[in-house]
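Number of protein chains: 2
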Amino acid sequence: MENNRLILDVLEGKDVERTPVWLMRQAGRYMSEYRKIREKVSFLELCKTPELACEVTLQPLKAFKLDAAILFSDILVPIEPMGVDLEFTPAPVIANPVRNPQDVQRLKPVDPEEELPFVLEAVRLIKDNIEVPLIGFAGAPFTLACYMVEGSGSKNFLEIKTLMHKNPDAFFELMEKVTESTYRYLQAQINNGCSIVQVFDTWAGILSPSDYKTFVYPFVEKLVNKLENAHIIYFAKDSTTFYKDIKKLNCAGLGVDWKIALNDAADLLDNKFVLQGNLDPAVLFADQKTIADEIDRIISEAKDIKGHIFNLGHGILPKTPVENVKFMVDYVKEKTADA
Amino acid sequence: MENNRLILDVLEGKDVERTPVWLMRQAGRYMSEYRKIREKVSFLELCKTPELACEVTLQPLKAFKLDAAILFSDILVPIEPMGVDLEFTPAPVIANPVRNPQDVQRLKPVDPEEELPFVLEAVRLIKDNIEVPLIGFAGAPFTLACYMVEGSGSKNFLEIKTLMHKNPDAFFELMEKVTESTYRYLQAQINNGCSIVQVFDTWAGILSPSDYKTFVYPFVEKLVNKLENAHIIYFAKDSTTFYKDIKKLNCAGLGVDWKIALNDAADLLDNKFVLQGNLDPAVLFADQKTIADEIDRIISEAKDIKGHIFNLGHGILPKTPVENVKFMVDYVKEKTADA
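These protein sequence lines map, in sequence, to chains X and R.
Counting in full-length UniProt numbering, the first sequence tops out at residue 339, every number present.
Counting in full-length UniProt numbering, the second sequence tops out at residue 339, every number present.
Hints are supplied without guarantee of correctness; some may be wrong.
Copies of the same chain are indistinguishable here, so a pair counts whether it falls within one copy or spans any two.
[To be verified] As a list, the in silico BS3-like pairs of lysine-lysine whose alpha-carbon atoms are at most 30 angstroms apart: (1) Lys244 with Lys289; (2) Lys127 with Lys40; (3) Lys237 with Lys247; (4) Lys226 with Lys319; (5) Lys226 with Lys303; (6) Lys289 with Lys65; (7) Lys326 with Lys48; (8) Lys213 with Lys65; (9) Lys14 with Lys166; (10) Lys155 with Lys237; (11) Lys248 with Lys237; (12) Lys247 with Lys222; (13) Lys289 with Lys222; (14) Lys62 with Lys335.
Please keep in mind that the hints were generated in silico from the structure rather than gathered at the bench.
Just so we're clear, the structure is a prediction, and the values are computed from it rather than from any experiment.
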């Protein structure tokens, strides 16, 4: 059971004895235990095998005593059953990208119990093996739409922007379908044991504030309003100029990248959210004195905000020195317990 | 001679009859005239041959009657004589990246008259052939340092960030050398005929506001304060959370990407600068109705700012339809002359 409720307490606005800490992509390549498992199975196989997904989910908890677990999976897992051919090479590549109204038509919302049972089984397995809350997650509708339309990594996101501007009806229909899928997928994770869900809007930041408001925000709002029985954390990279809209979201937490000080973010957001972040993942490659200084700065910037969950400003990088991760987690715990 | 002084008048705070317009990368691959020349010479050869650099600089002026010319070159041209082996493959690759104090030691500031005479000759040639002001340009010190240290394209900029955090003395020495080179290079462009210079800080946006303030801003400030006899436009992508520092810069203009509305940018900057921007280059792939709507929005957002130079929010993309570029330029001129 959840003996450590720190992160839930923060999200519920309660006073806590210290700042909780977890890391985006905390299960991953920087850990030798993880690399050992990946020698035997592909990335997608790992996502689809509940016992292994559970095992890698637990690895960082054992190593660093983090305050939350996060389901090991990938944001693209639910787009496959929508009708998209997905491969990791190792970067994701989609053989049949969505480019026109006919492509959108052919997509169908997922049925998580039928089509993604391995994810829900992984959630139950992990839940049976941890004493901290379990975070579920999904890509935000726009970010998933970007992958589906671009079909691979993109520098300028011309395909999705052109669909959006030249064929808004098809774009909106795509967003409706992805939003419904994402809702079902996250609600199923919650129903199987996740008490927090994080919605990753990795690519929202490619847009102008006016396009974000018209084409993206309404779907995030709809998703957040439909989900029940969990705390929601929305994380959009490079999104501070969208805060006028984002501050209207009905969710408990907001992830913040390292591009803004937490107190400045809180000001723009009328201090409405618990903020999660925001150490630059590259700082973990520096010496421990620098890491400590940066953590001190972040803790001090978070002093007067509604609530703080310590995290990186983006996913941990594959070659991060493990000893620095341990140092960071211990230092955050020690430093915020003093206060 | 400069029969069309619109852009200079705006930068000098004078009232103008309409908004001036030019485009970042206005000479480039989207034009068939440019591609024809590139069939015969490599990119670096083109940069190093004054007659050809002049010819491609003039191409977009003839095609679209823009209000400024910008020297055809590349921000990496001046790093070669500093002691860096540069190739375009077509992306820039540096065979001997700067990684430690010894590498920094070996670099020397450029002597533009001796080492980059072809650039200054191109400036003089262009100047003799245009009736609009000529914009010179250079990479900002941090952006050039990023290329020199990373050695090639980078996703996470780990090398430069690690140098900065682990070896700040070497980092600062590198920045001093690059700042001095950039100063000499831009001042030589001015002395040979450029009446405006733009400083491109393409990579500043990878940093936290606190790192920008410590490691980047002081060098931009130094560069801007040293330059004489030209209007300076500073352009840093993804930099709105640095505006607290940037607004102290002693320059006339600031380039703005499409990630913030111009009126919101002006508010954060105490309306101190003429702003240049900020159409998303991807919008030029849409239909002309969408392009007109986006231009209308930008013109209306720019209504009360100190001064406006219409431009894209970043360089024009290689496959942009030429007819849409023509439509955009004509529409901006017509629309702002009405007002």
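Right, here's what the structure says about each hint:
1. Within a single copy, Lys244 and Lys289 get their C-alpha atoms only as close as 36 angstroms, which misses the 30 angstroms cut-off; across copies the closest is 27 angstroms, which meets it.
2. Taking CA atoms no more than 30 angstroms apart as the test, Lys127 paired with Lys40 passes inside one copy only; the shortest distance there is 25 angstroms, against 64 angstroms between copies.
3. When the C-alpha separation of Lys237 and Lys247 is checked against a cutoff of 30 angstroms, the pair qualifies both within a copy, at 15 angstroms, and between copies, at 24 angstroms.
4. For the identical chains of this complex, Lys226 and Lys319 are neighbours neither inside a copy (38 angstroms) nor across copies (41 angstroms), given an alpha-carbon limit of 30 angstroms.
5. Proximity of Lys226 and Lys303 under a CA criterion of 30 angstroms is satisfied in neither setting, with 32 angstroms inside one chain copy and 40 angstroms between copies.
6. For the homomeric pair Lys289 and Lys65, the shortest alpha-carbon distance inside one copy (22 angstroms) is at most 30 angstroms, but the shortest distance between copies (56 angstroms) is not.
7. When the C-alpha separation of Lys326 and Lys48 is checked against a cutoff of 30 angstroms, the pair qualifies only within one copy, where the shortest distance is 29 angstroms, while the shortest distance between copies is 51 angstroms.
8. For a Cα distance limit of 30 angstroms, the shortest separation of Lys213 from Lys65 qualifies neither inside one copy, at 39 angstroms, nor across copies, at 34 angstroms.
9. Proximity of Lys14 to Lys166 under the C-alpha cut-off of 30 angstroms is found in neither arrangement, the shortest distances being 48 angstroms within a copy and 38 angstroms between copies.
10. In this assembly of identical chains, Lys155 and Lys237 lie within 30 angstroms of each other by CA distance both inside one copy and across copies; the values are 15 angstroms within and 15 angstroms between.
11. With identical chains, the CA atoms of Lys248 and Lys237 are at most 30 angstroms apart both within one copy (17 angstroms) and between copies (27 angstroms).
12. Within a single copy, Lys247 and Lys222 get their C-alpha atoms as close as 14 angstroms, which meets the 30 angstroms cut-off; across copies the closest is 38 angstroms, which misses it.
13. With identical chains, the CA atoms of Lys289 and Lys222 are at most 30 angstroms apart between copies only, with a shortest distance of 29 angstroms across copies and 44 angstroms within one.
14. In this homomeric assembly, Lys62 and Lys335 come within 30 angstroms of each other (Cα to Cα) only inside a single copy, at 21 angstroms, whereas the closest approach across copies is 63 angstroms.
Checked against the numbered hints listed earlier, the structure breaks hints 4, 5, 8 and 9; every other hint is satisfied.
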